[in-house]
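Residue numbers (our numbering), protein chains in the order written: chain A, 1 to 417; chain B, 1 to 417; chain C, 1 to 417; chain D, 1 to 417.
The set of hints was computed from the structure by calculation and includes no laboratory data.
Keep in mind that the hints are not guaranteed to be accurate.
[To be verified] Which chain C residues stay away from chain D? Per the calculated CB distances, all over 12 angstroms, these:
#, residue
1, R13
2, P185
3, V226
4, G254
5, D361
6, F390
[Stated by the list, open to error] Derived, one-sided and incomplete: chain C residues facing chain D with beta-carbon distance under 7 angstroms:
#, residue
7, S154
8, D155
9, A156
10, P216
11, I220
12, Y227
13, G228
14, Y229
15, R295
16, A297
17, F298
18, L343
19, V372
20, G374
21, A383
By construction, the Cβ of each residue, glycine as well, lies at the ideal position given by its N, Cα and C atoms.
Protein chains: 4
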Amino acid sequence: MDFTLSDREVHFRDAVRHFIDTHIRPRQADHDAQEHEGDRWKPIPVIEELKPLAKTAGLWNLFMPPQSGQPPVDDSFAFEGTQLSNLEYALCAEEMGKVGWASEVFNCSAPDTGNMEVLLRYGTRAQKDRWLKPLMDGAIRSAFLMTEPDVASSDATNIQSSIIRDGEDYVINGRKWWSSGTGDPRCQVAIVMGKSDPEGGRHASQSMILVPLDTPGVKIERMLSVYGYDHAPHGHGEVSLTNVRVPVENMLLGEGRGFEIAQGRLGPGRIHHCMRTIGVAETAIEAMAKRLTSRAAFGKRIAEHSVWEERVARARIDIEMSRLLCLKAADMMDRAGNKSAKLEIAMIKVQAPQMALKILDDAIQAHGGGGVSGDYELAHQWAALRTLRFADGPDEVHARAIAREEFGKHGEWRKAR
Amino acid sequence: MDFTLSDREVHFRDAVRHFIDTHIRPRQADHDAQEHEGDRWKPIPVIEELKPLAKTAGLWNLFMPPQSGQPPVDDSFAFEGTQLSNLEYALCAEEMGKVGWASEVFNCSAPDTGNMEVLLRYGTRAQKDRWLKPLMDGAIRSAFLMTEPDVASSDATNIQSSIIRDGEDYVINGRKWWSSGTGDPRCQVAIVMGKSDPEGGRHASQSMILVPLDTPGVKIERMLSVYGYDHAPHGHGEVSLTNVRVPVENMLLGEGRGFEIAQGRLGPGRIHHCMRTIGVAETAIEAMAKRLTSRAAFGKRIAEHSVWEERVARARIDIEMSRLLCLKAADMMDRAGNKSAKLEIAMIKVQAPQMALKILDDAIQAHGGGGVSGDYELAHQWAALRTLRFADGPDEVHARAIAREEFGKHGEWRKAR
Amino acid sequence: MDFTLSDREVHFRDAVRHFIDTHIRPRQADHDAQEHEGDRWKPIPVIEELKPLAKTAGLWNLFMPPQSGQPPVDDSFAFEGTQLSNLEYALCAEEMGKVGWASEVFNCSAPDTGNMEVLLRYGTRAQKDRWLKPLMDGAIRSAFLMTEPDVASSDATNIQSSIIRDGEDYVINGRKWWSSGTGDPRCQVAIVMGKSDPEGGRHASQSMILVPLDTPGVKIERMLSVYGYDHAPHGHGEVSLTNVRVPVENMLLGEGRGFEIAQGRLGPGRIHHCMRTIGVAETAIEAMAKRLTSRAAFGKRIAEHSVWEERVARARIDIEMSRLLCLKAADMMDRAGNKSAKLEIAMIKVQAPQMALKILDDAIQAHGGGGVSGDYELAHQWAALRTLRFADGPDEVHARAIAREEFGKHGEWRKAR
Amino acid sequence: MDFTLSDREVHFRDAVRHFIDTHIRPRQADHDAQEHEGDRWKPIPVIEELKPLAKTAGLWNLFMPPQSGQPPVDDSFAFEGTQLSNLEYALCAEEMGKVGWASEVFNCSAPDTGNMEVLLRYGTRAQKDRWLKPLMDGAIRSAFLMTEPDVASSDATNIQSSIIRDGEDYVINGRKWWSSGTGDPRCQVAIVMGKSDPEGGRHASQSMILVPLDTPGVKIERMLSVYGYDHAPHGHGEVSLTNVRVPVENMLLGEGRGFEIAQGRLGPGRIHHCMRTIGVAETAIEAMAKRLTSRAAFGKRIAEHSVWEERVARARIDIEMSRLLCLKAADMMDRAGNKSAKLEIAMIKVQAPQMALKILDDAIQAHGGGGVSGDYELAHQWAALRTLRFADGPDEVHARAIAREEFGKHGEWRKAR
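Isolated chain A (complex conformation):
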């Protein structure tokens, strides 16, 4: 075991950190102004402006995982990214998490990352040419349509949308929501999950299919809010699919293999989210410490009131532990594959958001009225991270998986299964 970073790990982390310090953080004011002026549902110019710089700097598509437990379906594929290991990428993702809009500059933002991975691993040559290429170029964006408003989507077997073969087409009907990214005019394609065979059982009834968003029958009914934020221009759409017809070539991997893709897709994406979350937690503890050391009440700096010592110490302990768990999960993915790291991925998926939410909330308390306002990123970040306690499966479902793993170590439980 060796807890020191390798030269390569330091190199990429520092390159990303340096790029952010040099090009991104100084443009925060521009970003905020552009985000709020005129029609808010359009790309933000400063991001578009910085993307070519990141590309030139070799900090582009950093996440494309070279060894994620499964070789690319098609080795001839050439649109590769920087080929960082999951561990190397995780360190970069933490840096990106420290500025809310940094990920997109590096073409490393969700849900595109997960969608590109799916296309890389499971896409046909034609699907790659049609969608993966422009996604990796940063020319278009994409969405992932899974959750539905009418059922407890935490249990994937509840998904009701249908994907029914009709001659050379599939016909899709259903209603999805939390279709993140659908607010952006560049969002051109979605991966849609639905039932192709209601009788297929837990593991064979679901399929995933590519649906261009301009297909007739696709309608963005409304954009949802997260607490009072709309997250424009990205946004979260509620999308109805009414007799949406796409050619059979759009099916991913094969009918009934949606569950298999879902399993493979989520590992690296969760690690990314978690490391960004840890980056957010670092900004929160920093903001908290700065605030507490700069203001006084009742005759001394607030930092000297020991109730804050306890909270800050707990925050630091929790950040350090969460980071180690996340990096360990990434390291396991690199060495033994996503499947072997399943338990560790579930653990950090539960842990990271809970940890960061607590620290953000304490930081907000330290800031009083300022904390809940737009003057700091704290409230905005809190609201965004709150969704991670149920997005990609609620805490309760991951806890269930972790506990069952533990129970499974003991004979009596195994016998009963």
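For this one, chain A is given, so just place chains B, C and D on it according to the hints.
For chains B, C and D alone, coordinates are given in the frame of chain A:
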């Protein structure tokens, strides 16, 4: 001790509940539509429409406390309210808390309630005629300007705004924020707290003065957001005061007596907030239970997953205990005065928001994506209640007061003071 | 509603408090010395010495409930206690809880209280004469044998002991543990729960029967420890019952009615336990405050470190709320019967031990090494109260009942039942 | 970074694990019987019997750190241990923690480990020959006398015992408690901390000196209990020192350098404690999972009640994170020295006991009555670990240090110091 409600307690609670069921809840859709259409910084028609009905029903200014530990300065004053006891009012406030916009229909919304109380107790005949009358008529609204962006306002001695006598005027300079209600065009007057004598020590340096909002030099710089919500049309303003000049007659109670007023003002207002908060918690546990009983995952209703049993049971226990503590505080105020109930008021001020935030957060988790969206009141309520953990003094300051009371029971501590 | 104590409530509470201050607390050193000298499994002389004083003072069998939702089976019965209401008694029980051995002085200690209640309500004339009389005289003690080591006894249907009719006798076989009080040589009788009809279903399979402890086949296998404490001379036995034969007259209420008795028995007993627990919490917050105000570290009294302010404030809030909830439950039992107060009893059963354990643990932390030692009562009390989180049903089972009550308010759940 | 164990790390961990499985665990019953029979304050035969086997297996004094940031004072010293790195040893310590009495078999139990380290680093040739040699041989045991009953010893400047030079002797007066190990007749020497120069300021007033326990004036006043356990034969003594006279040669490192030794001593010792604690937590989660999967209530295995899924999942997450943090701290000590790892050591010192206590408490709840009894190790372990929240400095003091490190990153705080 008797935990059953008296006939009078039941009467007023049920009258308010019935009015809400009959007139207010059925208009929720109207309210929501009006709140979001056109210029959002204007009164909401349905509220104005319902106010006369409440007045007619004798459910108007219910909070005006007949016996709050201190007689009105001027007994001849005639604009009295329904004269409920604090305990009776508390039961009504819980009902009002169940619908976010109900309080205003009964002319019982903050910060007017606290301001009216201040005017009733400490106002001169002229001040009452000028401001209390239209407030009690529901014709105008008011603000309370205390917190400042540049200092830790939790320690009132930090307040920097100045109120300096100059001939027959006072001249006011400073910057305030979280001046709630200043977004509403009907908001015509503010009570402003500031330093009239920087050398006056903890208890004599601060004054409170009435400032009409159209006085030259008063400027609403911007409206603040709370987790992305703007709370229009009420809103929370940041207000600059630049050489604002008002006649000496606008001083409340007397120069240097601001701290005294602040102490007297906050008791009933806190009880109101807390009971409304308990009403919110009741709506949250109801929403949570409905959701959990109506959806299924992994082969059974979510309500049958025992992790939810624990949360719902904890929610019910916490609501019941918090309500009892709040009602006990109200009862003590009625029987022994606000000052005697100081400790109980501090306790419920800390307890009620923490309790309701936890239940709302669990209810949000139970709703998944729906919970953070605008489809339910949960996220909106959570954001609003989150501010109560520092508004009117942060939890930490109240905890300090409660603990010191405990320490003061023991000789060694007292000797050291 | 009225939160002030009535004269009668004050009278009994103060009489108990005064008796404890005058007669019991001054003998603590005697008690501790006697408890540890020689054979520890014998009555403690100072308790025997004080019992006649309590009897003379009219503070004896205070708990015997006059109106517990069900009239005594036999009105001619004359061994009555002081006839306090549950609410009056609750206030006294809090006082008793402040000194670990006070309850027995007043003949108010578990499990005798519950057993006497069962005999009063459900016993025959003969059963009363034989067992209730000496119990009420304080001449003998008793045990309640329910929990079994081999099954999850939280679900009463799991109970395995058998009570089988054989001519004019019942024959009992089984193994019980946590048979509290069986260490005391005065413990002469036990109420034993067991299955008389394995096919009787949830509500008719169990019976309760009186078993003199000198009956052949009754064997105390060993005394159990609680975190290293043996609780001598009371103690907690593991008891085997091997072909134990008692006459049919010993059956309580009737074959198959054990569940019914269990339900009726537990209400007042839980309230007693909870109020004693609140008394313990009061001693803990007092010890904590004294310690914090009397020692200094890092240049100031430990009480001035705000991390302790927060804990002490939380302790005070939790004590006040728990007491109110407990008194409300007692009041409901008095006014509407034990059954109507079922939900409130379950709530305080969960709440009181959790509350007190947290405060004791904080107080222990405040005392450092002293806290875990025998120099203070804190560790001993903590260990004793820890058992209340599963005795008489674990928290999880009560939480389940509370949650189901909540779910039952909504139609969809009810329909599904 | 590399989270896989090296061959050497695996080798030693597995060697210890195998030795425990082969020689120690099978003797648990012998140990328990011997521990409770006859005079309990004497060495336990089975431990003495196994020590030569561990020595032969090369698993002896494993902790002696080869590179702990400071070379041994005397390089010629030859009584070296196995020379594991801190990281390697940490993995072994986790294994040892799984059986309460295993550490002593390997001559790796506190406080001898810390005392040996002090002697190795700071001892003179003569001190080493006299005390270190027999300690490393496992022939004698030792104590560390620091904490005092009369002051808040968490602040070392409060220590009152005096060590005053008088000719060629030092004369020691004072009262110590929690002098662990003084119950064992083999305990022959103590390191005593006391004030040699009351005017020496925070860092120069304290000294550490070697005191043979048979020196006149040393008196073990009593043995303390931890909850109800006495931890015989090791035990925790209260020791009075009355005009205890030892030669000046017994001074360690030099007068006034006690604080310096204390700082150096605690690092590795804390890591050992923490890793043993993690071993305990592993036994707790295992016991909990076994219990939950082997019993049923309300129609299903208790493991299937999701409230337990959440607790078990949280336990697994917390164990994994705590282990990583502990190993990282050990790795930093190995690579950069104890001083550089100061923050990480403080973090794991706070984290590990809190984590394990929670898991033990949940496991106890899962076991009901069995959990608090002597039938499982859970209650005993809980009580032992509870002391770690204040031994070697309470959580609050470590939290203070961690928070101050965080605050120190920001200019305004530093300027103010």
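Hint check results:
No Cβ of chain D approaches the Cβ of R13 (chain C) within 12 angstroms, the least distance being about 32 angstroms, so the stated non-interface status holds. The beta carbon of P185 (chain C) sits about 22 angstroms from the closest Cβ of chain D, which is more than 12 angstroms, so the claim that it is off the interface holds. A beta-carbon of chain D comes within 12 angstroms of the beta-carbon of V226 (chain C); the shortest separation is about 5 angstroms. The beta carbon of G254 (chain C) is kept farther than 12 angstroms from every beta carbon of chain D, the shortest such distance being approximately 26 angstroms.
At the 12 angstroms boundary, the C-beta of D361 (chain C) falls inside the reach of chain D, the nearest C-beta of that chain being 8 angstroms off. Listed as outside the interface, F390 (chain C) is inconsistent with that label: its C-beta sits roughly 5 angstroms from the nearest C-beta of chain D, within the 12 angstroms cut-off. Interface hint status for S154 (chain C): upheld, as the beta-carbon distance to the closest one in chain D is roughly 6 angstroms, under 7 angstroms. Hint status for D155 (chain C): holds, given a least beta-carbon distance of 4 angstroms to chain D, under 7 angstroms.
The closest approach between the C-beta of A156 (chain C) and any C-beta of chain D is roughly 10 angstroms, which is over the 7 angstroms cut-off, so the hint fails. About 27 angstroms separates the beta-carbon of P216 (chain C) from the nearest beta-carbon of chain D, more than 7 angstroms, and the hint is not met. The criterion of a C-beta within 7 angstroms of any C-beta in chain D is not met by I220 (chain C), whose closest approach is roughly 15 angstroms, and the hint is violated. Satisfaction of the interface hint for Y227 (chain C) is found here, the shortest Cβ-Cβ separation to chain D being roughly 4 angstroms, below the 7 angstroms cut-off.
With its C-beta approaching chain D no nearer than about 3 angstroms, G228 (chain C) sits inside the 7 angstroms limit, and its interface hint holds. Hint status for Y229 (chain C): holds, given a least beta-carbon distance of 3 angstroms to chain D, under 7 angstroms. Taken as an interface hint, R295 (chain C) checks out: its beta carbon lies about 4 angstroms from the nearest beta carbon of chain D, inside 7 angstroms. The beta carbon of A297 (chain C) comes within 4 angstroms of a beta carbon in chain D, closer than 7 angstroms, and the hint placing it at the interface holds.
For F298 (chain C), the interface hint holds, since its Cβ comes within 7 angstroms of a Cβ in chain D; the closest pair sits about 5 angstroms apart. Taking 7 angstroms as the C-beta contact cut-off toward chain D, the hint placing L343 (chain C) at the interface is violated, the least distance being around 19 angstroms. Because the beta carbon of V372 (chain C) sits about 5 angstroms from the nearest beta carbon in chain D, less than 7 angstroms, this interface hint is met. Interface restraint check for G374 (chain C): the shortest CB-CB distance to chain D comes to about 5 angstroms, inside 7 angstroms, so the restraint holds.
At about 5 angstroms, the closest approach between the beta carbon of A383 (chain C) and any beta carbon in chain D falls short of 7 angstroms, and the interface hint on this residue holds.
Hint violations for this structure: numbers 3, 5, 6, 9, 10, 11 and 18, all remaining hints satisfied.
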